[in-house]
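Asker: As given, the protein sequences belong to chains A and B, one line each in that order.
Residue numbering for the first sequence follows the working numbering, beginning at 1 and increasing consecutively.
Residue numbering for the second sequence follows the working numbering, beginning at 342 and increasing consecutively.
If you are wondering where the hints come from, they were derived from the structure by calculation, not from laboratory data.
Hints are not guaranteed to be accurate.
[Said to hold, decoys possible] Computed cross-link-like contacts, DSSO-like style, restricted to lysine-lysine with a CA-CA straight-line distance of at most 30 Å:
#1 K531(B) x K740(B)
#2 K357(B) x K4(A)
#3 K4(A) x K531(B)
#4 K4(A) x K680(B)
#5 K104(A) x K680(B)
#6 K4(A) x K740(B)
The residues making up each chain are set out below.
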Amino acid sequence: MLPKEYYDAIQLTPEGQLKHFLTIEGLSPLLLTEILDTADSFVDMNAQQVKKVPLLRGKTVANLFFEASTRTLSTFELAAKRLSADVLNLNISTSSTSKGETLKDTLMTLQAMHCDMFVVRHSASGAAHFIAQHVTPDVAVINAGDGRHAHPTQAMLDMLTIRQHKGDFKNLKVAIVGDILHSRVARSEIHALRILGANEIRVIAPATLLPKHIESLGVKVFTEMSRGLRDVDVVIMLRLQRERMQTALLPSESEFYSLYGLTENKLAYAKPDAIVMHPGPINRGVEIESRVADGPRSVILNQVTNGIAVRMAVMSMAMSGQQLNTQSSSFTESSARTESL
Amino acid sequence: MNIVIEGGRIIDPAQKIDTVANLYIHQGTILAIGHEPPEGYFADDTLDARNKIVCPGLIDLFTHLREPGATQKGSIASETAAAAAGGITTLLTSPATSPIVDTPAVAELIQDRAADAGFVRVLPIGALTRGLQGEQLAPLHALTRSGCVAFTNARLPMVDSLALLRCLEYAATFDLLVIFQAQDAGLSRKGCMHDGASSARMGLEGIPEAAETIEVSRCLLLIEQTGVRAHFGQLSCERSIQLIDAARKRGLQVTADVAIHHLLLCDEDVNGFDSSLHVQPPLRSPLDRAGLRQGLVTDTLSAICSDHQPLDVIAKQAPFSETEPGISGLETLLPLSLKLVEQKLIELPQLIEKLTLGPAKILGLDSGTLQSGVQADVCIFDPEATWTVNDQSLLSMGKNTPYYGHSLKGRVDCTLLGGRIVFKR
Numbered sequence: 001m002l003p004k005e006y007y008d009a010i011q012l013t014p015e016g017q018l019k020h021f022l023t024i025e026g027l028s029p030l031l032l033t034e035i036l037d038t039a040d041s042f043v044d045m046n047a048q049q050v051k052k053v054p055l056l057r058g059k060t061v062a063n064l065f066f067e068a069s070t071r072t073l074s075t076f077e078l079a080a081k082r083l084s085a086d087v088l089n090l091n092i093s094t095s096s097t098s099k100g101e102t103l104k105d106t107l108m109t110l111q112a113m114h115c116d117m118f119v120v121r122h123s124a125s126g127a128a129h130f131i132a133q134h135v136t137p138d139v140a141v142i143n144a145g146d147g148r149h150a151h152p153t154q155a156m157l158d159m160l161t162i163r164q165h166k167g168d169f170k171n172l173k174v175a176i177v178g179d180i181l182h183s184r185v186a187r188s189e190i191h192a193l194r195i196l197g198a199n200e201i202r203v204i205a206p207a208t209l210l211p212k213h214i215e216s217l218g219v220k221v222f223t224e225m226s227r228g229l230r231d232v233d234v235v236i237m238l239r240l241q242r243e244r245m246q247t248a249l250l251p252s253e254s255e256f257y258s259l260y261g262l263t264e265n266k267l268a269y270a271k272p273d274a275i276v277m278h279p280g281p282i283n284r285g286v287e288i289e290s291r292v293a294d295g296p297r298s299v300i301l302n303q304v305t306n307g308i309a310v311r312m313a314v315m316s317m318a319m320s321g322q323q324l325n326t327q328s329s330s331f332t333e334s335s336a337r338t339e340s341l
Numbered sequence: 342m343n344i345v346i347e348g349g350r351i352i353d354p355a356q357k358i359d360t361v362a363n364l365y366i367h368q369g370t371i372l373a374i375g376h377e378p379p380e381g382y383f384a385d386d387t388l389d390a391r392n393k394i395v396c397p398g399l400i401d402l403f404t405h406l407r408e409p410g411a412t413q414k415g416s417i418a419s420e421t422a423a424a425a426a427g428g429i430t431t432l433l434t435s436p437a438t439s440p441i442v443d444t445p446a447v448a449e450l451i452q453d454r455a456a457d458a459g460f461v462r463v464l465p466i467g468a469l470t471r472g473l474q475g476e477q478l479a480p481l482h483a484l485t486r487s488g489c490v491a492f493t494n495a496r497l498p499m500v501d502s503l504a505l506l507r508c509l510e511y512a513a514t515f516d517l518l519v520i521f522q523a524q525d526a527g528l529s530r531k532g533c534m535h536d537g538a539s540s541a542r543m544g545l546e547g548i549p550e551a552a553e554t555i556e557v558s559r560c561l562l563l564i565e566q567t568g569v570r571a572h573f574g575q576l577s578c579e580r581s582i583q584l585i586d587a588a589r590k591r592g593l594q595v596t597a598d599v600a601i602h603h604l605l606l607c608d609e610d611v612n613g614f615d616s617s618l619h620v621q622p623p624l625r626s627p628l629d630r631a632g633l634r635q636g637l638v639t640d641t642l643s644a645i646c647s648d649h650q651p652l653d654v655i656a657k658q659a660p661f662s663e664t665e666p667g668i669s670g671l672e673t674l675l676p677l678s679l680k681l682v683e684q685k686l687i688e689l690p691q692l693i694e695k696l697t698l699g700p701a702k703i704l705g706l707d708s709g710t711l712q713s714g715v716q717a718d719v720c721i722f723d724p725e726a727t728w729t730v731n732d733q734s735l736l737s738m739g740k741n742t743p744y745y746g747h748s749l750k751g752r753v754d755c756t757l758l759g760g761r762i763v764f765k766r
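Using the sequences provided together with the hints, build the complete structure.
Answerer: Shown next as structure tokens:
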């Protein structure tokens, strides 16, 4: 048991630079803004004829996906390649673990191949923290989604998209709609919006899809779209997984759609210039109406484009932080242990 | 063999003794407490206990020794040696071994191995149902004759209330003690920590308070109906304390204990997915912890146990939800309990009572005291000595404790079992 400050500092160098990117929680507004600014410069670059910079030349990035993914994996791969890194994609969801190998052993094996960065997706909350703490402290770990806990690059690409469309966060009212309970995206977005100073963060869902004490994260809870969407500037829809219907969480897709699906009628409650976002992949007719998803207020495809830029930003920042840190390492686990408890 | 323990502060809650004196032991039993030896007494051995506390050996109401079945995590020899080093002289073992303690042979095996090791008195808890399946009654009478002192279905579900009712009726017939480790199967199925603000933040599946309170309520009603001798082990919620208080006010003779970590830690301590804090029942909210601490003061909780669950190293080396729950606790039971005195929650003699006389009364044992004539199970500890919890200091095979690397105050110097020194630093 280590003091909370130790865990808050785990992804930062003593100078406050990123060396891993595990969660948004605990990061400063300054650092988040730096990520967005860096990403902005890559957005411009990605539109150029030559889409490549040598920031990660000679480095090896391993995408370790213990859980299936298409778009996150491919945008991370593209991001790494545009930074000139060598990329190794490993789909581990079915190979090692089914042979009884522990996560730690899998990681140790990969570490022995001298990778410089692990991009990790795992179904267990805290997996990225575990890897950064116990397995590979010298390798930069980027969290590409751990259980229900965090998906920090997704949150940052959403912040970039919001900033591009709305400028500043200060006066924004943002509503996040749908399966908050199982959503790592929602948790990371809530932290990011709060840190960047959003005026009001709302979550809209039935009680079965809301974690207990979600208000403690600084959000207002609504159970009706008509009230929750009123006067919001940004509507973020979450993906609803079909498996949820097989438990007592929801009776049916159609009932969910009629209550919480984003239709043009419901979108009318929001501000006239409100934007609509979705982390994808979208379920048309379950959480969102096609006319809204493809409509003028939808920025869903901008999100995907921004995803590459944000991932490039985070990867280059973490790699430079990790390099500086290994040169002057000081904050070790043993020095953090206290006798206070 | 006569041993005199000289000059210690002797605390024996049963006799309301708290005095600096000598403790005279004669042929394995307590002879007297005083300043001069009884007439004709010659000491073969003298233990210097100046500036130390001398108290009855601790009685730990719930432990896992892991043998038979999971000897990569702990063995009866290793864990009973650890218990002696922690000042414990009597402990109860979980029936959840492999094979399960639902036949006399397994109960006898555990006691034989413990006797061979010779460190502590090991009292097995028998399974309430065969295979802990929650369906068919285990041979409670035969198990009692083979040394089982109580029965439990551990944290495994008794889904069928009729089966539970029959088990309690049968146990009541022979005045057997049933221990409830209340946990509703459905509400706790997927969870790995307390369902609250911390679990919401970390995205970990929660175990709601109701997982415990629903089961406590059901059990209390059936206890009332059957009149069975009943005890609740390792409670974690304030509401459970209230339920038991209310039942006791109605005249129900139920007792309860708490694991030491639930009195000191809470869900907010589960920072950074620290798997050493993954435990069942889960560490609850600060309010629950306050309620448990109050329950200790008002005596609704009359004993503190270690809920010792040694694990091998790899069991905790995974993301939080994929690790095995459990805290290794035999050797930290006393020093962690002493924190309650330092925090001014209770006085030292009161604390000693929760670790000795309290559990003895729950079990109906005549030990847990230093009265003359009882077997000399004695713990001598230095309340001021500090030590660091690490691989070198822990004898238990389980190094899985959230206090690993911490410096703790209060160290056992010597443990006597039936007048025999079984541990000496």
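Asker: Compare the structure with each hint and give your call.
Answerer: Each hint, compared with the structure:
1. Only pairs whose Cα atoms come within 30 Å are accepted, and K531(B) paired with K740(B) is accepted, the gap being roughly 26 Å.
2. For the given pair, K357(B) sits about 43 Å from K4(A) by alpha-carbon distance, which is inconsistent with the 30 Å threshold.
3. For the suggested pair K4(A) and K531(B), the alpha carbons sit about 26 Å apart, so the restraint of at most 30 Å is met.
4. Between K4(A) and K680(B), the direct Cα distance comes to roughly 21 Å. Compliance with the 30 Å bound is thereby established for this hinted pair.
5. A C-alpha spacing of about 35 Å is found between K104(A) and K680(B), which places the hinted pair above 30 Å, so the restraint is violated.
6. Pair hint K4(A) plus K740(B) holds up; C-alpha atoms about 22 Å apart against a cutoff of 30 Å.
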